[in-house]
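Undergrad: Start from the sequences and build out the full structure, keeping to the hints where you can.
Heads up: the sequence lines are chains A and B, in that order.
Position 25 of the first sequence, counted from 1, bears residue number 25 in the numbering used here, the numbering being contiguous throughout.
Position 51 of the second sequence, counted from 1, bears residue number 51 in the numbering used here, the numbering being contiguous throughout.
Hints were generated in silico from the structure; no laboratory data involved.
It is possible that part of the hints are untrue.
Below, computed lysine-lysine pairings styled on DSSO-like, alpha-carbon distance capped at 27 angstroms [claimed, not checked]:
id, chain 1, residue 1, chain 2, residue 2
1, B, Lys41, A, Lys54
2, A, Lys15, B, Lys68
3, B, Lys40, A, Lys44
4, A, Lys54, A, Lys44
5, A, Lys51, B, Lys56
6, B, Lys57, A, Lys78
7, B, Lys68, A, Lys54
8, A, Lys78, B, Lys56
9, B, Lys3, B, Lys67
10, B, Lys56, B, Lys37
11, A, Lys15, A, Lys78
12, A, Lys78, B, Lys67
13, B, Lys67, A, Lys41
14, A, Lys44, B, Lys68
15, B, Lys40, A, Lys41
16, A, Lys44, B, Lys41
17, A, Lys15, B, Lys41
18, A, Lys44, B, Lys3
19, A, Lys41, B, Lys3
20, B, Lys37, A, Lys44
21, B, Lys67, A, Lys44
22, B, Lys37, A, Lys41
Rough simulated footprint, nothing fancy, chain A against chain B, three-plus residues with beta-carbon under 8 angstroms [unchecked claim]:
id, stretch
23, 43-51
24, 63-72
Each residue gets a CB set at the ideal place from its N, CA and C atoms; glycine is no exception.
Chain residues, written in single-letter form:
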Amino acid sequence: EAGVTQFPSHSVIEKGQTVTLRCDPISGHDNLYWYRRVMGKEIKFLLHFVKESKQDESGMPNNRFLAERTGGTYSTLKVQPAELEDSGVYFCASSQDLPGTSGGGGTDTQYFGPGTRLTVL
Amino acid sequence: EDKVVQSPLSLVVHEGDTVTLNCSYEVTNFRSLLWYKQEKKAPTFLFMLTSSGIEKKSGRLSSILDKKELFSILNITATQTGDSAVYLCAVNNYGQNFVFGPGTRLSVLP
Numbered sequence: 001e002a003g004v005t006q007f008p009s010h011s012v013i014e015k016g017q018t019v020t021l022r023c024d025p026i027s028g029h030d031n032l033y034w035y036r037r038v039m040g041k042e043i044k045f046l047l048h049f050v051k052e053s054k055q056d057e058s059g060m061p062n063n064r065f066l067a068e069r070t071g072g073t074y075s076t077l078k079v080q081p082a083e084l085e086d087s088g089v090y091f092c093a094s095s096q097d098l099p100g101t102s103g104g105g106g107t108d109t110q111y112f113g114p115g116t117r118l119t120v121l
Numbered sequence: 001e002d003k004v005v006q007s008p009l010s011l012v013v014h015e016g017d018t019v020t021l022n023c024s025y026e027v028t029n030f031r032s033l034l035w036y037k038q039e040k041k042a043p044t045f046l047f048m049l050t051s052s053g054i055e056k057k058s059g060r061l062s063s064i065l066d067k068k069e070l071f072s073i074l075n076i077t078a079t080q081t082g083d084s085a086v087y088l089c090a091v092n093n094y095g096q097n098f099v100f101g102p103g104t105r106l107s108v109l110p
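TA: Right, here's the structure in full:
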């Protein structure tokens with residue numbers, strides 16, 4: 001079974017430019033999460049999709065970030081315009097069920113993608 | 001604000017040693033605590049803990065949760081160089097949000 005994939009693996013852009021990150025979750029996983037790790041800091045939650053709906057976007061830093069999941073399959077995260085502080089590794093994760101709802105069956109396990117390293121110069 | 005603290009932040013041991021990694025948390029509406037191992041790329045799932053006092057084991061790794069004292073430990077016995085990684089602790093609340101700790105960087109020397 002294919003895991004979570006992310007594209008690109010690394011992106012270097014200049015301040016003010018636009019970048020779009022893509023995440024393909026594991027097939028059949030309704031839940032898709034975006035996280036970000038800024039250098040030297042812990043992984044921070046950005047938002048959570050259930051199918052195509054935004055369940056929780058409380059972690060989105062500001063309105064320069066736009067996440068979409070049209071059709072409930074892959075998701076994109078667009079940063080426009082990018083700022084220096086946006087540099088970091090953006091992780092995507094997916095799970096079949098919501099955390100804590102599997103009754104111990106493991107279907108709520110979150111599987112992470114390899115991340116996209118974004119560098120804003 | 002929800003918070004997860006891990007200690008130590010960094011640990012260097014020799015092969016064969018046993019290590020204990022700590023994770024304490026302050027989270028409203030706690031649902032579960034998860035441990036991940038991160039090597040070069042994606043964090044890989046190790047354990048999910050929801051109930052106090054029930055040890056989860058996988059080979060040389062084991063973990064237990066104390067919901068009264070709000071902490072969890074991850075034990076690794078007979079460490080190997082392949083155990084070198086960053087071990088992440090994350091706590092999930094009923095808002096479906098995840099809060100991650102800073103991680104413990106474990107280096108196992110031959």
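Undergrad: Each hint: holds or not?
TA: Now for the hints, and whether the structure bears them out:
Pair hint Lys41/B plus Lys54/A holds up; C-alpha atoms about 26 angstroms apart against a cutoff of 27 angstroms. With a C-alpha separation of about 47 angstroms, the suggested pair Lys15/A and Lys68/B falls outside the 27 angstroms cut-off, and the hint is violated. Distance restraint check for Lys40/B and Lys44/A: the Cα-Cα separation of roughly 18 angstroms lies within the 27 angstroms cut-off, and the hinted pair is therefore satisfied. With a C-alpha separation of about 17 angstroms, the suggested pairing of Lys54/A with Lys44/A holds against the 27 angstroms cut-off.
A threshold of 27 angstroms between alpha carbons decides the hint, and for Lys51/A with Lys56/B the separation of about 31 angstroms lies outside it, so the pair is violated. In summary, the hint linking Lys57/B to Lys78/A is not supported, as the alpha carbons are separated by about 40 angstroms, beyond the 27 angstroms threshold. For the hint linking Lys68/B to Lys54/A, the alpha-carbon distance of about 33 angstroms lies beyond 27 angstroms, and the restraint is violated. Our distance criterion of 27 angstroms between C-alpha atoms is broken by Lys78/A and Lys56/B, whose separation comes to about 39 angstroms.
With a C-alpha separation of about 15 angstroms, the suggested pairing of Lys3/B with Lys67/B holds against the 27 angstroms cut-off. Between Lys56/B and Lys37/B the alpha-carbon distance is near 15 angstroms, which keeps this suggested pair within the 27 angstroms criterion. Under the criterion of a C-alpha separation no larger than 27 angstroms, the hint pairing Lys15/A with Lys78/A is consistent with the structure, at around 14 angstroms. The suggested pairing of Lys78/A with Lys67/B is violated, with an alpha-carbon distance near 38 angstroms, which exceeds 27 angstroms.
A C-alpha spacing of about 26 angstroms is found between Lys67/B and Lys41/A, which places the hinted pair at or below 27 angstroms, so the restraint holds. About 25 angstroms separates the Cα atoms of Lys44/A and Lys68/B, which keeps this hinted pair within 27 angstroms; it holds. The hinted pair formed by Lys40/B and Lys41/A meets the criterion: a straight-line CA distance of about 16 angstroms does not exceed 27 angstroms. At roughly 16 angstroms between alpha-carbon atoms, Lys44/A and Lys41/B fall within 27 angstroms of each other, so this suggested pair holds.
Among the hinted pairs, Lys15/A with Lys41/B is consistent with the structure: their alpha-carbon atoms are about 25 angstroms apart, no more than 27 angstroms. Restraint check for Lys44/A and Lys3/B: satisfied, since their Cα atoms lie roughly 11 angstroms apart, inside the 27 angstroms limit. The suggested pairing of Lys41/A with Lys3/B holds, with an alpha-carbon distance near 13 angstroms, which does not exceed 27 angstroms. Using a Cα cut-off of 27 angstroms, the hinted pair Lys37/B and Lys44/A holds, with the two alpha carbons roughly 16 angstroms apart.
Simply put, Lys67/B and Lys44/A have alpha-carbon atoms about 23 angstroms apart, close enough for the 27 angstroms limit, and the pair holds. Proximity of Lys37/B to Lys41/A is assessed by CA-CA distance (about 16 angstroms); at most 27 angstroms being required, the pair is judged to hold. Given as covered by chain A, the stretch 43-51 of chain B passes the check, having 5 residues with a CB less than 8 angstroms from a CB of that chain where 3 are the minimum. For a cut-off of 8 angstroms, the count of residues in the stretch 63-72 of chain B with a CB near a CB of chain A stands at 0, and the three-residue condition is violated.
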